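Just need the whole structure built from these sequences, with the hints factored in.
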Amino acid sequence: ILTGLSGVAGVVATRPLLAADSAEQLSLEKIDQLLASTRQQGWAPSGLGQRSAFESPQRLPLYNIASGTPLQDLHGTITPADLHFERHHAGVPTLDPDMHELLIHGMVDKPLKFSLADLKRMPSVTRVCFIECSGNLNIRAGEKTTPQQLSGLTSQSEWTGVALSTLLNETGVKGKARWFLAEGADAAVLARSIPLAKGLDDAMIAYAQNGEAIRPEQGYPFRLLLPGWEGNTNVKWLRRLEVSDQPFMTREETSKYTDPLKSDKSRLFSVVMDARSIITSPTYPSVLSKGWTEIRGLAWSGHGKIVQVDVSVDGGRRWQKAALQGPVLSKAHTRFTLPWRWDGTGTELLSRAVDESGYIQPTRRQLIDSRGLGSLPYHLNCILGWQVRSDGQVLYAAEPWA
Amino acid sequence: ILTGLSGVAGVVATRPLLAADSAEQLSLEKIDQLLASTRQQGWAPSGLGQRSAFESPQRLPLYNIASGTPLQDLHGTITPADLHFERHHAGVPTLDPDMHELLIHGMVDKPLKFSLADLKRMPSVTRVCFIECSGNLNIRAGEKTTPQQLSGLTSQSEWTGVALSTLLNETGVKGKARWFLAEGADAAVLARSIPLAKGLDDAMIAYAQNGEAIRPEQGYPFRLLLPGWEGNTNVKWLRRLEVSDQPFMTREETSKYTDPLKSDKSRLFSVVMDARSIITSPTYPSVLSKGWTEIRGLAWSGHGKIVQVDVSVDGGRRWQKAALQGPVLSKAHTRFTLPWRWDGTGTELLSRAVDESGYIQPTRRQLIDSRGLGSLPYHLNCILGWQVRSDGQVLYAAEPWA
Amino acid sequence: MVSPLSKAERLGFGRAVSAQEIQLWDIDVRPDGAGLPKGNGSVAEGKVLYLQQCLSCHGDRGLGGVNEPLAGRIAGDAFPFGRDPGLKKTIGNYWPYATTVFDYIRRAMPFSQPGTLSDDEVYSLVAYLLHLNDIIDPDQHIGADNLAAIRMPSRHRFVVDDRIPIDYRHPEGG
Amino acid sequence: MVSPLSKAERLGFGRAVSAQEIQLWDIDVRPDGAGLPKGNGSVAEGKVLYLQQCLSCHGDRGLGGVNEPLAGRIAGDAFPFGRDPGLKKTIGNYWPYATTVFDYIRRAMPFSQPGTLSDDEVYSLVAYLLHLNDIIDPDQHIGADNLAAIRMPSRHRFVVDDRIPIDYRHPEGG
Ligand code: HEC
Ligand code: HEC
Ligand SMILES: [Ca+2]
Ligand SMILES: [Ca+2]
Ligand SMILES: [Ca+2]
Ligand SMILES: [Ca+2]
Ligand SMILES: [Ca+2]
Ligand SMILES: [Ca+2]
Ligand SMILES: [Co+2]
Ligand SMILES: [Co+2]
Numbered sequence: 131i132l133t134g135l136s137g138v139a140g141v142v143a144t145r146p147l148l149a150a151d152s153a154e155q156l157s158l159e160k161i162d163q164l165l166a167s168t169r170q171q172g173w174a175p176s177g178l179g180q181r182s183a184f185e186s187p188q189r190l191p192l193y194n195i196a197s198g199t200p201l202q203d204l205h206g207t208i209t210p211a212d213l214h215f216e217r218h219h220a221g222v223p224t225l226d227p228d229m230h231e232l233l234i235h236g237m238v239d240k241p242l243k244f245s246l247a248d249l250k251r252m253p254s255v256t257r258v259c260f261i262e263c264s265g266n267l268n269i270r271a272g273e274k275t276t277p278q279q280l281s282g283l284t285s286q287s288e289w290t291g292v293a294l295s296t297l298l299n300e301t302g303v304k305g306k307a308r309w310f311l312a313e314g315a316d317a318a319v320l321a322r323s324i325p326l327a328k329g330l331d332d333a334m335i336a337y338a339q340n341g342e343a344i345r346p347e348q349g350y351p352f353r354l355l356l357p358g359w360e361g362n363t364n365v366k367w368l369r370r371l372e373v374s375d376q377p378f379m380t381r382e383e384t385s386k387y388t389d390p391l392k393s394d395k396s397r398l399f400s401v402v403m404d405a406r407s408i409i410t411s412p413t414y415p416s417v418l419s420k421g422w423t424e425i426r427g428l429a430w431s432g433h434g435k436i437v438q439v440d441v442s443v444d445g446g447r448r449w450q451k452a453a454l455q456g457p458v459l460s461k462a463h464t465r466f467t468l469p470w471r472w473d474g475t476g477t478e479l480l481s482r483a484v485d486e487s488g489y490i491q492p493t494r495r496q497l498i499d500s501r502g503l504g505s506l507p508y509h510l511n512c513i514l515g516w517q518v519r520s521d522g523q524v525l526y527a528a529e530p531w532a
Numbered sequence: 131i132l133t134g135l136s137g138v139a140g141v142v143a144t145r146p147l148l149a150a151d152s153a154e155q156l157s158l159e160k161i162d163q164l165l166a167s168t169r170q171q172g173w174a175p176s177g178l179g180q181r182s183a184f185e186s187p188q189r190l191p192l193y194n195i196a197s198g199t200p201l202q203d204l205h206g207t208i209t210p211a212d213l214h215f216e217r218h219h220a221g222v223p224t225l226d227p228d229m230h231e232l233l234i235h236g237m238v239d240k241p242l243k244f245s246l247a248d249l250k251r252m253p254s255v256t257r258v259c260f261i262e263c264s265g266n267l268n269i270r271a272g273e274k275t276t277p278q279q280l281s282g283l284t285s286q287s288e289w290t291g292v293a294l295s296t297l298l299n300e301t302g303v304k305g306k307a308r309w310f311l312a313e314g315a316d317a318a319v320l321a322r323s324i325p326l327a328k329g330l331d332d333a334m335i336a337y338a339q340n341g342e343a344i345r346p347e348q349g350y351p352f353r354l355l356l357p358g359w360e361g362n363t364n365v366k367w368l369r370r371l372e373v374s375d376q377p378f379m380t381r382e383e384t385s386k387y388t389d390p391l392k393s394d395k396s397r398l399f400s401v402v403m404d405a406r407s408i409i410t411s412p413t414y415p416s417v418l419s420k421g422w423t424e425i426r427g428l429a430w431s432g433h434g435k436i437v438q439v440d441v442s443v444d445g446g447r448r449w450q451k452a453a454l455q456g457p458v459l460s461k462a463h464t465r466f467t468l469p470w471r472w473d474g475t476g477t478e479l480l481s482r483a484v485d486e487s488g489y490i491q492p493t494r495r496q497l498i499d500s501r502g503l504g505s506l507p508y509h510l511n512c513i514l515g516w517q518v519r520s521d522g523q524v525l526y527a528a529e530p531w532a
Numbered sequence: 286m287v288s289p290l291s292k293a294e295r296l297g298f299g300r301a302v303s304a305q306e307i308q309l310w311d312i313d314v315r316p317d318g319a320g321l322p323k324g325n326g327s328v329a330e331g332k333v334l335y336l337q338q339c340l341s342c343h344g345d346r347g348l349g350g351v352n353e354p355l356a357g358r359i360a361g362d363a364f365p366f367g368r369d370p371g372l373k374k375t376i377g378n379y380w381p382y383a384t385t386v387f388d389y390i391r392r393a394m395p396f397s398q399p400g401t402l403s404d405d406e407v408y409s410l411v412a413y414l415l416h417l418n419d420i421i422d423p424d425q426h427i428g429a430d431n432l433a434a435i436r437m438p439s440r441h442r443f444v445v446d447d448r449i450p451i452d453y454r455h456p457e458g459g
Numbered sequence: 286m287v288s289p290l291s292k293a294e295r296l297g298f299g300r301a302v303s304a305q306e307i308q309l310w311d312i313d314v315r316p317d318g319a320g321l322p323k324g325n326g327s328v329a330e331g332k333v334l335y336l337q338q339c340l341s342c343h344g345d346r347g348l349g350g351v352n353e354p355l356a357g358r359i360a361g362d363a364f365p366f367g368r369d370p371g372l373k374k375t376i377g378n379y380w381p382y383a384t385t386v387f388d389y390i391r392r393a394m395p396f397s398q399p400g401t402l403s404d405d406e407v408y409s410l411v412a413y414l415l416h417l418n419d420i421i422d423p424d425q426h427i428g429a430d431n432l433a434a435i436r437m438p439s440r441h442r443f444v445v446d447d448r449i450p451i452d453y454r455h456p457e458g459g
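Residue numbers (the numbering used here), protein chains in the order written: chain V, 131 to 532; chain G, 131 to 532; chain B, 286 to 459; chain Z, 286 to 459.
Source of the hints: derived by calculation from the structure; they are not laboratory data.
Values in this document were obtained by computation on a predicted structure and should not be read as measured data.
Take the hints with a grain of salt, since some may be wrong.
Said to hold, decoys possible - Part of the chain G face toward chain V, derived, beta carbon under 7 Å:
(1) Trp173
(2) Val222
(3) Pro227
The beta carbon of each residue, even a glycine, is placed where N, CA and C say it ideally should be.
In structure tokens:
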């Protein structure tokens, strides 16, 4: 019955470090351990599953206003809802879904309030897309920085809700309308002005996330979802949309979320998230061993689909095309992989995304040259590097500022 | 600033039941309630999110061997991992990921054991697909049956793992090999024989589910994933694959999971899940009110993509094509929707899936006629009906047996 | 932009709302002054309120607090933010519209008791902050009649992102 | 079937295993007898074990227990399961291979202490269950030498699903 065992000797010869000595006897303890799970009944079915006691992924709370997704611990493209990044300006409010309504008014034919029950009964749309805080990148990160610490303010879910165009069809919209204000029911009453064109394109009022009710931190009972647009515009705990002929110039789109340029101007409404990518493995704090490994990461763009990700395993001298895991969706985290055999010499890993608009993820230098150093707190989508030291340590390698 | 309010009067006139009297004053209590969440800071960011206190989706444990997904409460196509259905034969074992290994032996060149760390470092694949127990359909369901009670033993995840072909490339496979045994480390040491062709096609050893480590109930630290094949073959807590020239004829593929036919034969290895669909809304226990609603459901097939779902709102006399929510993936739960304006008269709702192989979801009568009544405990993928009573109650309407 | 909405049939969802229901939530203030409530305030009253309710977080005269600095100008109204990442943005050196100060304070401040200030109190706090930023004189009143007309020092520095098509009508006001 | 494997480069993952490591887990028994361990058992020994360890769940002589019925034949070895959904499947009226009985009991029974029976004990239990199902005489021993040769009554009833291409070599054995 031990067919194939004849091959073992050969394996031992060629791979001495890994081979168990086939003459060696297993200890009784080891035998017990190898059979333990087959000797006693496991736990019964339950109403709600729990993670394995051996796994404890965690968001990383930051300054009491945000928490980052553990990108280095995740696989595929979906972020579990309880690990979705948070960014809020006045904490997570508690809203009773039977009371909370969405008011649409302003330059409409009929101002209306919609209940969650209304929304759930209306035509639904589902899409997978990322949300990312446009402040997502820790500018001052040192080398002992994980992807989560570096740029954990992006996550991806399958969202379900009602197209905003469907709701605006109910209220009607006046011919001169061009913008709308989206306002939350949190204690910041957070508000952003959104061009009506986006609202009629792919905006959604999302009440579900990864199949279930949207989580409190993501806007329960519903939020505005603007695929590809900076996180702050995806107003959570949405209570009100006011249609208007002009923007409202709220604090979030003037004092914050504007990008000072080197031309001594400041850019308003830089709402689309430009293409970016990050290698998620190998990265700090993992320690690499020699031989074959798979370089993995995520790439995404608010302009549409990712069409190419280039990876360099030599600090940017040569670039190779990574494989993209399909289906590649528009405005969605896209998993890329590149096989790599590490020979044990120190080097640097880089990734560079290209989207369907032709946009190529820039270096930090290019961003500084085109926009200016002072613009970097937002939309810092530069190429990121990971230094692999000859001892296998992997460290974040920030591009020099100067 | 109250632009558009002039429209209110008209709305009141045409929709008296819904309209608030614009002259009516809000009570102080109501005003407080409408402003409450904006007046106090919410909760701080956290390591792990929690569901809203207003939401408590639950699996439904059945006979201590299974639990069903609350299909009627979910949206989109992803099943949250803690709501993924369960079916196990000896409970959920606890496996230490640092100890547990996967043995591949038998008709291979080199028998090898792979650790979870090995698997995670090897080339990864990610795909979204359903898993369904082939016993999924409560044959004896009465009219007060929810989709969860009726056919909750199907769920969908985004799975990540290693293609089995990649692992078999490491061990090598003898030329005469045709099958392999997949065996779990649970107390049933559950084992199934799988044709090698499937193993080399799209089989995967999955260690991640919806981005995170696979959950204990789904096979932590890894399981066999055979897209489109009956749940039982997707062996969880996988410990061993033995490559062979013939099947092993385990109890799970002889005593169980075989389909007795009216020809006095019994079908072995009916492994592919034929196309099926189920309306998830409106269904019991929801109570429908007159007017516009969206009929929603899920359709899927183990043979590939769903190409069409027909819905009847008159008990099967006429059928309309439902919209399919893209991207439509192969061997995946596919959301379908059909707009419907209910006029308040009693009727019956039905859905019928068609897959890319041309297979059309059959009636129960057709299944009985072609296979026999005794075959129905497994692979009962018949068209399901929901009776809408004139009082708005929605009840499961089983097709008569005779 | 041609609205695609006209073509689709209305489904009949949503309920009509009363003017009071709208008013209760309709707190935004636009650069053209739309949304400004009746009322007015003074720098002096604003200073008192500031000392009581804002100083603990934003510091003396809007500077040096644990939270955002609220005051400060750059000599000659220069705008070197794009070149100098160390520069602190304040109402005086950065904010393009004075209406935003009113809108934001009424929405969100004081941080732990938002929504508790009367409209007159907000006008006074705006007056005090505009004064701290050398935008108005200490004796100037601020109210529904004049806030939108305040011209902010950096108003002309702001440009709309022209890399994507946004059908943008320039807001009126200061 | 041409294996696509020969073309790809090996990556070097996995560790070689000892024969003992394989043996410990390699518990399957095939219809052709591959995998049957040394040993044998008797109906009489099986009956004693059954009364001690199985009766509580599977009932007297394999019938009427809270769990699966294990015994019972249909007159004339008829096989009307496809027509009659009420019929209980048993080892005697349904199971195509006797080796499966050994394999399954050794894997999974007794339910609360699986893996505790010796190989001889499993042979004895198989003997007893085959006897209860009128497949062997009460004095027949069952062991590595003869289990695979037992011809089960419904063996010829099983057909492989021919609706999809499975490259199927018929298992040898009883
Ligand atoms: C308990 C602390 C606290 C108190 C008290 C407080 N604030 Fe604030 N303030 C904050 C915080 C924190 C922020 C930043 C909030 C954010 O970014 O979401 C802020 C932001 C602001 C801003 C916007 C600053 C910018 O640059 O965007 C203004 C204006 C402001 N506060 C005014 C006030 C006024 C006026 C008061 C008193 C009525 C007040 N604050 C009381 C904590 C406080
Ligand atoms: C504590 C209860 C319990 C005891 C004791 C028990 N069994 Fe079982 N047995 C079960 C259950 C439950 C199943 C069905 C398991 C499943 O379907 O996953 C089963 C299934 C079986 C089957 C397969 C039946 C079929 O039709 O597929 C056989 C054979 C069997 N048991 C033999 C035995 C023998 C022999 C013993 C004693 C050594 C034994 N059982 C002791 C509970 C028990
Ligand atoms: Ca940041
Ligand atoms: Ca069932
Ligand atoms: Ca307004
Ligand atoms: Ca006053
Ligand atoms: Ca074997
Ligand atoms: Ca003996
Ligand atoms: Co921006
Ligand atoms: Co089957």
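Okay, the hints, checked on the actual structure:
| no. | hint | verdict |
| --- | --- | --- |
| 1 | Trp173 | holds (5 Å) |
| 2 | Val222 | holds (4 Å) |
| 3 | Pro227 | holds (5 Å) |
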